[in-house]
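*Asks:* Single-letter residue listing:
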Amino acid sequence: MREYLVFQLYGPLASWGDIAVGETRPSAPTPAKSAVLGLAAAALGLKRPDTAATEAERAGWESQHAALAQGYGLAVNVQALGVPLSDYHTAQVPSSGAGRNRKTFPTRRDELTWLPRAELNTILSRREYRQDAFTACALWSRNSAPYSLTEIRDKLLEPRFVLYLGRKSCPLTLPLQPTLKSADSIEDALAGIDLNKILLALWGDKTGERLNDKFSRDGCCLAWDADAETRISQDQIEVLTRRDTSLSRRRWQFAVREERRASWPAGGEP
Amino acid sequence: MTTFLQLHLLTSYPPACLNRDDLNRPKTAVMGGVPRLRISSQSLKRAWRVSEVFKENVTGQTGIRSKELGRKIRDALLSGISLAELLKPNSPKAESDGEISEKDAIEWAWMIAAEYVDKKGKGADGENEEGEKEEKEGKSKKKNAKSNVSKETLKSEQVVFYSKPEIHALSALIQTLRISGKVPTAEQLKTVKIKEAEGTADLAMFGRMLASSPDFNVEAACQVAHAVTVHRAAVEDDFFTAVDDLNTREEDAGSAHMGEQGFGAGLFYVYVCIDCDLLKANLNGDTELAGKAIRALIDAATKVAPTGKQNSFASRAWAYYGLAEKGSRQPRSLSLAFMKPVREGDMLTDAAKALETMRGNLDKVYYEDKAEPNKCFNAVTGKGSFQELLNWAVGGEGA
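Chains as they are written, first to last, in our numbering: chain A, 1 to 270; chain B, 271 to 669.
Hints are not guaranteed to be accurate.
[To be verified] Restraint-style ranges between C-beta atoms, simulated for each label pair: (1) A/86 <-> B/423: 49 to 59 Å; (2) B/510 <-> A/240: 46 to 56 Å; (3) B/530 <-> A/122: 33 to 43 Å; (4) A/88 <-> B/511: 33 to 43 Å; (5) A/144 <-> B/598: 51 to 61 Å; (6) A/258 <-> B/619: 21 to 31 Å; (7) B/504 <-> A/148: 28 to 38 Å; (8) B/423 <-> A/122: 34 to 44 Å; (9) A/196 <-> B/525: 28 to 38 Å; (10) A/226 <-> B/530: 52 to 62 Å; (11) A/88 <-> B/627: 30 to 40 Å; (12) B/438 <-> A/122: 19 to 29 Å; (13) B/365 <-> A/122: 49 to 59 Å.
[To be verified] Straight-line distance between alpha carbons at most 30 Å, and here's what the computed DSBU-like set of lysine-lysine pairs gives: (14) B/596 <-> A/103; (15) A/47 <-> B/596; (16) A/155 <-> B/596; (17) B/596 <-> B/573; (18) A/103 <-> A/155.
Since the hints were made in silico from the structure, they are not lab data. Quick reminder that beta carbons are idealized off the backbone N, C-alpha and C, glycines included.
Sequences and hints are given; from them, build the entire structure.
*Replies:* As structure tokens, then:
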């Protein structure tokens, strides 16, 4: 028997960052733990260490994030993987010059407007998103948990900073509906959240059913941390390595995490 | 807990190609299994950020842009005529009235003018910007090694913008110096440089990420979602040719150039969420400027669109429907309303109705039918007013 905090993540666009080198910024098909805990961190009001004023403050904020990363276990039920989208994202940057001609710009607006158009260079990137991805999440406290699940739930209801699904341009479209639940296993904890039911409640029977068909259920899966309580048999479990345990928010470094996963064909059950 | 100001807008564009991908076709997204046109969040933010609408709302006042203010300051010190008078066209000639010596006036004017070109604020490393050190006055060389103002001509190397409050501060300082007769102290010199409202509001609202000096990063107070059409939208192709004026068609009657331009017309849903507490914190508690910044953002969001392909499509439009919500609940966009695409027909009304219905349903299912305080305007039905929405949104934040 464990206490879980369950909530739902849905937005028209989501991006679960994966290992990225250079121009391509891919998205993993299922949520990254650092993204979900980052959302909790934003709700709790933890600040980004790189905006701290002093070194001591910076170290303090870093350790807050680290404590959050280590203090909770996560299980997710991905009910819709979503359709991938690759966004061609360009950014104009002025040349910074060198040595005595080094130019600095106080704001982005200045970067874009001070120089003539012809002197602006372009940075290219391809950023991946998942469209219409729906995930139910369950968090449980470990021994070192810095905040109680109740505290996190209250903060998710009235967050301190804006919440988003991986990238800031991916806001939530459904209320998280964070609830505390006692359950024997993660399957029981996550059983309460069902995309189908939500669509029916918001759209009525006929349209709800039709919309439900529009969500592709291929690749639905349950994924969890190693210390989860689950009844799923060993032979159905695959183990994946994901690099999504936040080590340092300032240096943007992540450690590997073992994720257990069980998937089933569309329309099936675990 | 913080106050979130959420803005939902519906804007209908005629055939346009506001935001293109690498194939020069309008960007798309899939929502509810149906393809839609999309304007990316980054292009919206950029268009609003550099727009005149944003700038005018924030500065709200005209200022002076000049290299020669050093001279005017010297004249004001010498003659006792107010700086504001001297800055007007056809200003009276400045004659010394003996209060301050010529040498002092030049020296002090130079020190004051130097305050504006020494960019030592956030984001700069205090290096010279295309400037040459002044070697004229030997003894002051060491103290003023980084000035970009010429001691001889009192002209600055770059054009500097002086806002109205800064001109007032200058006049006040000049008066003080004329009375005291002493060299301006460091504290006094600090008072003349008032933080440029326009740059600060831009930073506070849209943030800054400096790869070279991440310590100067500012977290953006606003969150802008990618704008998607509320209806199914396909990218259409405009096949065009360029006729050759000098082709006499004796040999071949072909055109000089042929091409295809993808475009699409769309009714877009735009969602913006402003974290009001963070905005105020970014502006160091300046509620008046925070209010101006919010006003500027809403004004820009409603009226400014990316300028892609404007010469060919001239697709400028204003939002016809706007809904602002203020509260501390977890913010949520209302794109769920358009999961089922709006059908052709009375699209403008249907889209607005779908948005409001979904809002009501979400409140019913998740918040026991309690709505957050909100204000809306609808140009199709003639309900509400944009000014009213602006004033309400800015409301407790100041002017």
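*Asks:* Quick one: which hint numbers does this structure break? Sort them smallest to largest.
*Replies:* Per hint list: 3, 4, 5, 6, 7, 9, 12, 14 and 18 violated.
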